[in-house]
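Just so you know, the sequences run in chain order A and B. Just so we're aligned, residue 19 is where the first sequence starts under our numbering, counting upward by one. Just so we're aligned, residue 19 is where the second sequence starts under our numbering, counting upward by one.
Some hints here could point you the wrong way.
Given that identical chains are not distinguished, each listed pair holds provided it fits within a single copy or across any two copies.
As the list claims (entries may be wrong) - Taking lysine to aspartate or glutamate pairs in the EDC-like style, the calculated list, with each CA pair at most 20 Å apart, reads:
hint	residue 1	residue 2
1	Lys78	Glu180
2	Lys78	Glu137
3	Lys63	Glu179
4	Lys171	Asp119
5	Lys78	Asp23
6	Lys42	Asp91
7	Lys42	Asp69
8	Lys78	Glu120
9	Lys78	Asp204
10	Lys63	Glu195
11	Lys42	Glu207
12	Lys63	Glu198
13	Lys171	Asp196
14	Lys171	Asp204
15	Lys78	Glu179
16	Lys171	Glu87
17	Lys42	Asp140
18	Lys42	Glu159
19	Lys63	Glu180
20	Lys78	Glu159
21	Lys42	Glu137
22	Lys78	Glu198
23	Lys171	Glu195
24	Lys78	Glu41
Hints are computed from structural coordinates only; laboratory data are not their basis.
There are 2 protein chains.
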Amino acid sequence: MTQIDFWHELGSSYSYPAAMQIEKVAAEAGVEVRWRPFLLGPIFKAQGWSDSPFNLLPIKGAYMWRDLERVCDSIGIAFCRPSRFPQRSVTAARIALIGHDEGWGIAFTRGVYTAEFGEGRDIGELETLARALEQIGQIPELVVARAEAPEVKARLRADTEEARCLGIFGAPTFVTEDGELFWGNDRLEQSLRWARQRSLA
Amino acid sequence: MTQIDFWHELGSSYSYPAAMQIEKVAAEAGVEVRWRPFLLGPIFKAQGWSDSPFNLLPIKGAYMWRDLERVCDSIGIAFCRPSRFPQRSVTAARIALIGHDEGWGIAFTRGVYTAEFGEGRDIGELETLARALEQIGQIPELVVARAEAPEVKARLRADTEEARCLGIFGAPTFVTEDGELFWGNDRLEQSLRWARQRSLA
Chain A
19 MTQIDFWHEL
29 GSSYSYPAAM
39 QIEKVAAEAG
49 VEVRWRPFLL
59 GPIFKAQGWS
69 DSPFNLLPIK
79 GAYMWRDLER
89 VCDSIGIAFC
99 RPSRFPQRSV
109 TAARIALIGH
119 DEGWGIAFTR
129 GVYTAEFGEG
139 RDIGELETLA
149 RALEQIGQIP
159 ELVVARAEAP
169 EVKARLRADT
179 EEARCLGIFG
189 APTFVTEDGE
199 LFWGNDRLEQ
209 SLRWARQRSL
219 A
Chain B
19 MTQIDFWHEL
29 GSSYSYPAAM
39 QIEKVAAEAG
49 VEVRWRPFLL
59 GPIFKAQGWS
69 DSPFNLLPIK
79 GAYMWRDLER
89 VCDSIGIAFC
99 RPSRFPQRSV
109 TAARIALIGH
119 DEGWGIAFTR
129 GVYTAEFGEG
139 RDIGELETLA
149 RALEQIGQIP
159 ELVVARAEAP
169 EVKARLRADT
179 EEARCLGIFG
189 APTFVTEDGE
199 LFWGNDRLEQ
209 SLRWARQRSL
219 A
């Protein structure tokens, strides 16, 4: 079965609708999804940006929030603009890495995105992450402690560096097995078609 | 019949596939298109940018060129990366304004985009514009002279200011009659659906 890598940043607004849809849409296309959390912050910094482009360019930011509202509406998921953006996502991303190893990463990631962009909560606060962990039957204290382990931190750093080396500069980005990048939630279907055609060829 | 405004910059790479497709796709959707050339340069400058974001961020630029190649391939139009990007588009835009008044603006605009991104020519050179005008039966010397008229210059400035006031920060952008913005070539179909639904409601 052909595969795509779903590179997403837990603080990225357009990664939210992608995370909520991708398993269903990919299954219909016969493509397997590898969930790859990473951090956009270090990639932005390497480009000389100190903040999200949506904050650096307020008219682009205004468009994004309106557009995200329309996108969420069109696929039937909740939308609530958080008061802080972007949020500190590093702990959430480390937890997600552990979760993917243990089979609860997708449910956790969806819970985090829903809290952040569906309910307007702050995922930089441990309380929000604890709630998302409880909802999927995990014990927050144990998981959060494990997320601080040096090997988990190193892995997220390495994954972020891998994203940068692939040429990723935004999220979500879908990468096919033959190395094609598709940037943006609205490119999900196209990336799946590409993956499918290449696997049949 | 409901209408959308097709805001495009003659030097914008993703405006090329949009310009080549929009009349056909819009006609199928029962939506009329108003062609609105404008200049992105002044809008970028107002945001503190001295160049295209595709040049300011080379990894984003690398992605754009590869992606544009794929897009052109998928809709069956030529692609040839021009050696200069972005190009000086102000004369082309002024000529297009005259052309839209006189019924040859769409053919001219498509010719300009094809020269620029389908053949890799420089639309900042009068020779390229003259060729595009000749191909549609216009006399280059006469049209180029008229494009230098103060009222044509003023109109392009006013249209660019209108774009900025609408919240436009990139091209192409599709704007529906109820004021919704859809940014990017890949949002054409969505903007048409929106226009259509609102006109039926």
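query: Are there hints from earlier that the structure breaks, and if so, what are their numbers?
result: 2, 7, 8, 10, 12, 13, 14, 16, 17, 18, 20, 21, 23 and 24
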